[in-house]
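> So the chains spell out like this:
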Amino acid sequence: MAVETKTISVHSEGEMNVIDITAKIDEVIRKSKINEGIATIFVPGSTASVSTIEFEPNLVKDMKNAMERLFPSDIKYNHHETWGDDNGKSHVRATTMGPSMTVPFKDKKLLLGTWQQIVLIDFDVPARKRDIVVQLMGE
Amino acid sequence: MAVETKTISVHSEGEMNVIDITAKIDEVIRKSKINEGIATIFVPGSTASVSTIEFEPNLVKDMKNAMERLFPSDIKYNHHETWGDDNGKSHVRATTMGPSMTVPFKDKKLLLGTWQQIVLIDFDVPARKRDIVVQLMGE
Amino acid sequence: MAVETKTISVHSEGEMNVIDITAKIDEVIRKSKINEGIATIFVPGSTASVSTIEFEPNLVKDMKNAMERLFPSDIKYNHHETWGDDNGKSHVRATTMGPSMTVPFKDKKLLLGTWQQIVLIDFDVPARKRDIVVQLMGE
Numbered sequence: 001m002a003v004e005t006k007t008i009s010v011h012s013e014g015e016m017n018v019i020d021i022t023a024k025i026d027e028v029i030r031k032s033k034i035n036e037g038i039a040t041i042f043v044p045g046s047t048a049s050v051s052t053i054e055f056e057p058n059l060v061k062d063m064k065n066a067m068e069r070l071f072p073s074d075i076k077y078n079h080h081e082t083w084g085d086d087n088g089k090s091h092v093r094a095t096t097m098g099p100s101m102t103v104p105f106k107d108k109k110l111l112l113g114t115w116q117q118i119v120l121i122d123f124d125v126p127a128r129k130r131d132i133v134v135q136l137m138g139e
Numbered sequence: 001m002a003v004e005t006k007t008i009s010v011h012s013e014g015e016m017n018v019i020d021i022t023a024k025i026d027e028v029i030r031k032s033k034i035n036e037g038i039a040t041i042f043v044p045g046s047t048a049s050v051s052t053i054e055f056e057p058n059l060v061k062d063m064k065n066a067m068e069r070l071f072p073s074d075i076k077y078n079h080h081e082t083w084g085d086d087n088g089k090s091h092v093r094a095t096t097m098g099p100s101m102t103v104p105f106k107d108k109k110l111l112l113g114t115w116q117q118i119v120l121i122d123f124d125v126p127a128r129k130r131d132i133v134v135q136l137m138g139e
Numbered sequence: 001m002a003v004e005t006k007t008i009s010v011h012s013e014g015e016m017n018v019i020d021i022t023a024k025i026d027e028v029i030r031k032s033k034i035n036e037g038i039a040t041i042f043v044p045g046s047t048a049s050v051s052t053i054e055f056e057p058n059l060v061k062d063m064k065n066a067m068e069r070l071f072p073s074d075i076k077y078n079h080h081e082t083w084g085d086d087n088g089k090s091h092v093r094a095t096t097m098g099p100s101m102t103v104p105f106k107d108k109k110l111l112l113g114t115w116q117q118i119v120l121i122d123f124d125v126p127a128r129k130r131d132i133v134v135q136l137m138g139e
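Line by line, the protein sequences give chains A, B and C. Residue numbers for the first sequence follow the working numbering, so the first one is 1 and each next one is one higher. Residue numbers for the second sequence follow the working numbering, so the first one is 1 and each next one is one higher. Residue numbers for the third sequence follow the working numbering, so the first one is 1 and each next one is one higher.
Read the hints as simulated data drawn from the structure, not as lab findings. It is possible that part of the hints are untrue.
In this list, chains with the same sequence are indistinguishable; a pair is considered to hold if it fits within one copy or across any two.
[As the list claims (entries may be wrong)] Pairs of lysine-lysine residues, derived as DSS-like cross-links and limited to a Cα-Cα distance of at most 25 Å, are as follows:
| no. | residue 1 | residue 2 |
| --- | --- | --- |
| 1 | Lys-33 | Lys-129 |
| 2 | Lys-129 | Lys-106 |
| 3 | Lys-129 | Lys-6 |
| 4 | Lys-31 | Lys-129 |
| 5 | Lys-33 | Lys-76 |
| 6 | Lys-64 | Lys-6 |
| 7 | Lys-64 | Lys-129 |
Computed from a predicted structure; not experimentally measured.
Full structure from sequences and hints, please.
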């Protein structure tokens, strides 16, 4: 049994950019000594989440529409008074969806469905580099 | 320390079928060599989620009502244009709730509350067999 | 590799009390023999969740407003007919957000962002003591 903690980085356009990170996680597993176990995928920061989706542009649009419908951009957020920020919606979306996901793998393969990709969802406003922790544990 | 990766299967009626899988996970733990650790429960596929609930029929109805209120069946989903599918709502619900959960256990017992069951929530439309990965890790 | 299962306790005021439990989890890690691995944070019970947030009072208010908007207190919940309870909203919120989160740590430090705290969100109505399982696994 062993644990390996890595960081992957992606460029995010911000504002509900949904980024497929499956290949990067596959690569972390391929280069590791671990064949079977969990990949814990964790976003440091409080304005992004990780989940899975069938990664195709129309569904990504549907996800953006759902987030805008549930946590609208144009309502009042008290958080804006704290820092003069404009990303209250980003925080509330990220806290609701959570920063973390664990995906099991075996024989060095993530046990995903055929039409299921791992994505970072960036709820924040500005473009930026996003670091994501990928920690493998197993044997 | 060891890792064991199993798959359990259930029959799902589709359309917000909420299925109590606690007993099946208990059985995986009972038959394993691991006494203390985590059970990672992961649904391959992008139209179902796992969570916990007080599993009683009225609350299951409330959960269905909430999902229908937040992600209605009768609004436009762009995903329908991609494949001619009708399950845009199913995907958006599943991505929001996530495919994965980790539950700790000790002395071969899941550390759940008294009124807390582990459930598969199938957001997709058709009835089908659903496979769920249960991976135990610990000692 | 080792696993250590601990329980931390907090006093909750109920009704959307959001409680920063980061320092308590830091302490569990500091006192353990494990330097690198995952902390699985799990709430037994079906009316509370764990997530991360930038813990400041205005954002906590925004989170309360969002939950009230999405899962209102003043609509019908079938669950109330089962036990004569009044916490249908609490259950539906908790099942949607989930009871569990895994956070990686290294060199005994949780890999959180600078403005990211781990919180218990108590969706239930009465004040009470809340127990939270913190299970460390790693080496």
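> I'd like to know which numbered hints this structure contradicts. Please list them from smallest to largest.
Numbers 1, 5, 6, in rising order.
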